[in-house]
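Chains as they are written, first to last, in this note's numbering: chain A, 1 to 264; chain B, 1 to 251.
For the record, the hints were derived by calculation from the structure and aren't laboratory data.
Take these hints with a grain of salt, some might be off.
[What the hints assert, rightly or not] Pulled a few chain B residues facing chain A out of the computed Cβ check, cut under 10 Å:
#1 Arg87
#2 Phe92
#3 Gly113
[As the list claims (entries may be wrong)] List time: in silico DSS-like cross-link candidates among lysine-lysine, alpha-carbon distance up to 27 Å:
#4 B/Lys105 to A/Lys159
#5 A/Lys230 to A/Lys201
#6 A/Lys172 to B/Lys242
#7 B/Lys119 to A/Lys172
#8 A/Lys159 to B/Lys83
#9 B/Lys27 to A/Lys159
#10 B/Lys242 to B/Lys27
#11 A/Lys172 to B/Lys105
#12 B/Lys119 to B/Lys105
#13 B/Lys116 to A/Lys159
#14 A/Lys172 to A/Lys159
#15 B/Lys83 to B/Lys105
#16 A/Lys172 to B/Lys83
#17 A/Lys258 to A/Lys201
Here a beta-carbon is modelled for each residue, glycine too, at the ideal position from N, C-alpha and C.
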Amino acid sequence: MKNLTPRQRTRIYVVSMYTLAAAIALFVGFAADWERIGRNFFNTEIMRDMFPDVILIAARNTIIYTALSFTIGLVLALMLALMRLSSIGPFRAFAIAYIELFRGLPALITLIFIGFGIPLAFRWSIPGGTLGAGSVGLAIVAGAYMAETIRAGIEAVPKGQTEAARSLGMSKSRTMFSIILPQAFRIIIPPLTNELVLLIKDTSLFFVLGSTPGSKELTKFSRDFMNSAKNATPLTVAAIVYLIITLPLTFLVRRLEKSAAKAR
Amino acid sequence: MNDTTFDGPAIAVRDLHKSFDELEVLKGIDFHVDAGEVVCVIGPSGSGKSTLLRCINRLEESQSGQILIEGEDITHPDADVDKLRTRIGMVFQQFNLFPHLTVLKNLTIGPTGVLKRDKSEAADYAREMLNRVGLADKIDAYPSHLSGGQQQRVAIARALCMQPDMMLFDEPTSALDPELIGEVLDVMRSLADEGMTMMIVTHEISFAHEVADRVVFMDGGVVVEEGSPADVLDNPQTDRAKQFLRQLDEH
Numbered sequence: 001m002k003n004l005t006p007r008q009r010t011r012i013y014v015v016s017m018y019t020l021a022a023a024i025a026l027f028v029g030f031a032a033d034w035e036r037i038g039r040n041f042f043n044t045e046i047m048r049d050m051f052p053d054v055i056l057i058a059a060r061n062t063i064i065y066t067a068l069s070f071t072i073g074l075v076l077a078l079m080l081a082l083m084r085l086s087s088i089g090p091f092r093a094f095a096i097a098y099i100e101l102f103r104g105l106p107a108l109i110t111l112i113f114i115g116f117g118i119p120l121a122f123r124w125s126i127p128g129g130t131l132g133a134g135s136v137g138l139a140i141v142a143g144a145y146m147a148e149t150i151r152a153g154i155e156a157v158p159k160g161q162t163e164a165a166r167s168l169g170m171s172k173s174r175t176m177f178s179i180i181l182p183q184a185f186r187i188i189i190p191p192l193t194n195e196l197v198l199l200i201k202d203t204s205l206f207f208v209l210g211s212t213p214g215s216k217e218l219t220k221f222s223r224d225f226m227n228s229a230k231n232a233t234p235l236t237v238a239a240i241v242y243l244i245i246t247l248p249l250t251f252l253v254r255r256l257e258k259s260a261a262k263a264r
Numbered sequence: 001m002n003d004t005t006f007d008g009p010a011i012a013v014r015d016l017h018k019s020f021d022e023l024e025v026l027k028g029i030d031f032h033v034d035a036g037e038v039v040c041v042i043g044p045s046g047s048g049k050s051t052l053l054r055c056i057n058r059l060e061e062s063q064s065g066q067i068l069i070e071g072e073d074i075t076h077p078d079a080d081v082d083k084l085r086t087r088i089g090m091v092f093q094q095f096n097l098f099p100h101l102t103v104l105k106n107l108t109i110g111p112t113g114v115l116k117r118d119k120s121e122a123a124d125y126a127r128e129m130l131n132r133v134g135l136a137d138k139i140d141a142y143p144s145h146l147s148g149g150q151q152q153r154v155a156i157a158r159a160l161c162m163q164p165d166m167m168l169f170d171e172p173t174s175a176l177d178p179e180l181i182g183e184v185l186d187v188m189r190s191l192a193d194e195g196m197t198m199m200i201v202t203h204e205i206s207f208a209h210e211v212a213d214r215v216v217f218m219d220g221g222v223v224v225e226e227g228s229p230a231d232v233l234d235n236p237q238t239d240r241a242k243q244f245l246r247q248l249d250e251h
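Use the sequences and the hints to build the structure in full.
Below you can see the structure in the form of structure tokens.
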């Protein structure tokens, strides 16, 4: 080995790694019970049975829950971010407490609290059933995360922008809404889109709130389908549908980040 | 310009003190700019000249002293700072155009949003001001598509669109490539010729010589010397001013 050139050494390393990978692939290919895998995870008959409900009910609900959670969460987050940056002490303290609390808790706890805790305590529940309670619960959590994103965006806008706006006689709030926030949101579109992808996946937590046949989202729908069909294929279908929704968004984020990097 | 005629100085600063934490940067400044006067403030970096300018429209808070804008104390707790600022045009070293708005929007956002001018009227005036700085063809461009010199001319036009009584310039050419400085100075020269009240913090000594009615030399947070350009720039009396001007000459 000693009298090999660095280049030869690299070549030996690469060739042996490829050989190893090929060996593992061959072993898995022969050893695996393809018939059983196919029957249990890729059963076309069960797949066919899932349509069109998996799209028209489950995927549709997932998207509706996500959209509602994101919208409410964004409004909450904007208010929290402005409070976090406020010159009024109690506002700041509240925003910090809120953000730390809901970022520190499992989203599931918040959902259960909203869905069962509040109705138990006050004999009142958020209207809209699963949709209402779940969306508000997720929005409360997402708001905490997005508040920090928005704050970072606001702080990323150069100080000179505020100075120029105030020099024109604009008030603090006009400066914030017509000069700072439009620039801040441009900066934070990629991280906000990431937050949206996280939310899509988090709607799977809605199962704790119970469901009717019409309110099931993708995860609950496919889990129930799995139980009644005694077969894991519905999970595969759910996974594929999730990816169809999330992958384009993830690619979009990457493109936005690239173009943002170029613009600077 | 302003309806009420005020015959005192446009800007009058009295015994102004300003500290950043422990560091005292303005140690009792007395300073004024008369209406229609062009005053250039020169001095080494850290002399407090930019801080003085930024105190005048209260981008910096001073600790004691008075700043009268046409007789109204902008440092007074009850002062309507936003309203006073509409009378003071400000031009920054870094231009600070709004990058998410077109040139036209940059020029009209103040007049329509703050002064409540009619939209088309504001746009007409913006066109006029753009013409004046020689950039009428850039009206729909975004700031990032303009050169530094063009951005600074737009910034001057933006300030002019508020129809201010006076203009403050904070080292307006310091961030520019040498070949772009001239076009900005030309615009400023024409403003001075038209009688605009101007306070200019600058390192452009020959420009100050040509345009200023009065030159103020600051160092260490105090006004060290002031007088006509010929007095201060050609025949400085203090050692500090002599040394500063000699150093500039060497560059």
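Here is what the structure says about each hint:
no. : hint                 : result
1   : Arg87                : 8 Å, holds
2   : Phe92                : 6 Å, holds
3   : Gly113               : 6 Å, holds
4   : B/Lys105 to A/Lys159 : 20 Å, holds
5   : A/Lys230 to A/Lys201 : 24 Å, holds
6   : A/Lys172 to B/Lys242 : 44 Å, violated
7   : B/Lys119 to A/Lys172 : 22 Å, holds
8   : A/Lys159 to B/Lys83  : 21 Å, holds
9   : B/Lys27 to A/Lys159  : 26 Å, holds
10  : B/Lys242 to B/Lys27  : 21 Å, holds
11  : A/Lys172 to B/Lys105 : 19 Å, holds
12  : B/Lys119 to B/Lys105 : 10 Å, holds
13  : B/Lys116 to A/Lys159 : 25 Å, holds
14  : A/Lys172 to A/Lys159 : 13 Å, holds
15  : B/Lys83 to B/Lys105  : 21 Å, holds
16  : A/Lys172 to B/Lys83  : 13 Å, holds
17  : A/Lys258 to A/Lys201 : 25 Å, holds
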